[in-house]
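Student: Just so you know, the sequences run in chain order A and B.
Per the numbering used here, residue 1 is the first one in the first sequence, and the count goes up by one each step.
Per the numbering used here, residue 1 is the first one in the second sequence, and the count goes up by one each step.
By construction, these hints were calculated from the structure, which means they are not laboratory data.
Hints should not be assumed to be uniformly reliable.
25 Å max Cα-Cα, derived DMTMM-like pairs, lysine to aspartate or glutamate [stated by the list, open to error]:
(1) A/K162 with A/E194
(2) A/K95 with B/E150
(3) A/K95 with A/D145
(4) A/K95 with B/D128
(5) A/K95 with B/D145
(6) A/K244 with A/E255
(7) B/K78 with A/D126
(8) B/K78 with A/D98
(9) A/K95 with A/D51
(10) A/K95 with B/E160
(11) B/K103 with B/D85
(12) A/K95 with B/D134
(13) A/K95 with B/E135
(14) B/K86 with A/E65
(15) B/K78 with A/E188
(16) A/K95 with B/E74
(17) A/K50 with A/E188
(18) A/K95 with B/D141
(19) A/K95 with B/E77
(20) A/K70 with A/E263
To spell it out: a stretch of chain A is covered by chain B in this simulated footprint if at least three of its residues, at any positions, have a beta carbon under 8 Å from a beta carbon of chain B; those stretches are [what the hints assert, rightly or not]:
(21) 11-25
(22) 101-112
(23) 125-132
Quick caveat: nothing in here was measured; it's all calculated off a predicted structure.
For glycine and all other residues, C-beta sits at the position ideal for the given N, C-alpha and C.
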Amino acid sequence: MALSSVLQTPAAGFNFDNVTRNAALEGLSEGGQTPKPLKTGTTIAGVVFKDGVVLGADTRATSSEVVADKMCAKIHYISPNIYCCGAGTAADTEKTTDLLSSNLSIFSLNSGRNPRVVMAVNILQDMLYRYHGQVGANLILGGVDCTGNHLYTVGPFGSVNKVPYLAMGSGDLAALGILEDGFKHDLELEKAKELVRASIHAGIMSDLGSGNNIDICVITRQGVDYIRPYQESEYRNDRKIKYKYRPGTTAVLTEKIVPLKLEVVQESVQKMDTA
Amino acid sequence: MFRNYCATPADIQAYQKESARKGDTMNSRGLRSQLKDSVPVAGLCPQGAYGVQDSLRSGFTSIKNELLPSHPLELSEKNFHLNQDKMNFSTLRNIQGLHAPLKLQMEYRAARQIQRLPFLPSSNLALDTLRGSDECIGFEDILCDPAQSEVMGEPHMMVEYKLGLL
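Model the full assembly from the supplied sequences, consistent with the hints where possible.
Tutor: Below you can see the structure in the form of structure tokens.
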């Protein structure tokens, strides 16, 4: 970008032209004035139960010490049978899951099938390993496909783990404690939902970066039940976002109707070229 | 070295023939534009004529910027497709023999030449189909779309650069 004339069209994809400039700018501002990216200091958890997978997440997004979003959606749609919880840098998780979802829907259109969870995991692993951890996305993928119910975790450097129960994010230690205590194989649906809710609740109580409401997503062979919010926090404020009053709130005292006489002065018709 | 060590004499002959064919320059492509195909080594070849930094066109020199990549991913991203192709072709060569990567590379080279003039956007349809990237979406399709770039190259200079005349 320093050249007045460009000799080749710039390559598509990531552009590293401004890295030295950014490093110099950070040095100039002397200590923490640069804006921090939005991170989801988070608690996310997942459990495999008898008929499918339950995923849970809190809804707080923080930007260093400030809560940036109280109702953030951390459970992302990948395909009709696969959902993904994301922890880490919010933009990275969203874009990565969007790309993954697009790739899998191209595959579905080509083959006429729902994708398998291993395919999603492999695509993610390749993508994240390529960027050597610079894309800060810690993801929990859960889904039901023709081979069964699966729960995987993918780390930012491309590591993959296949597990029956899992928690990630900054509140994962507290959540994992509850999961370790309460997990059994082949749980029933209500017990599984209660287990995930309790583990996210423990994460919210013990971690500053997690809070507000709890979202739960139940994926079974029959379909997906995305309950948002599953449990609302007691400390929400009931500030109204919209100030719409229903008709009749203000009493009408008098009414006078004056009809406007309009006459057509000129009419012109322009045909649209729809070929 | 490894390639010549475990290759049969017929293989070595084929390899030498292929590299001799590579040295044949076509009329419409200058030498510098062919050099651009290879994996670039940082800091050894300044861009101007005779190896001297071309201040008019590329600005002032900074040895540090040339030697050290500013971002840990910069070098690996620049050479990502080249490295992947090299890895895949050498695996293919070890499994199936020399003919497999030769045929594939011939097709890639043919498809890579189907381009419009350098300042116009080319669809690269044949190349995408060969690579399989017509059914994938990656960051290179979303970020820095060349169709929406803010700078436009001057057409005459871009064609001269591609032909190696500049």
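Student: Which hints from the list above does the structure break, by number from lowest to highest?
Tutor: 9, 10, 14, 15, 20
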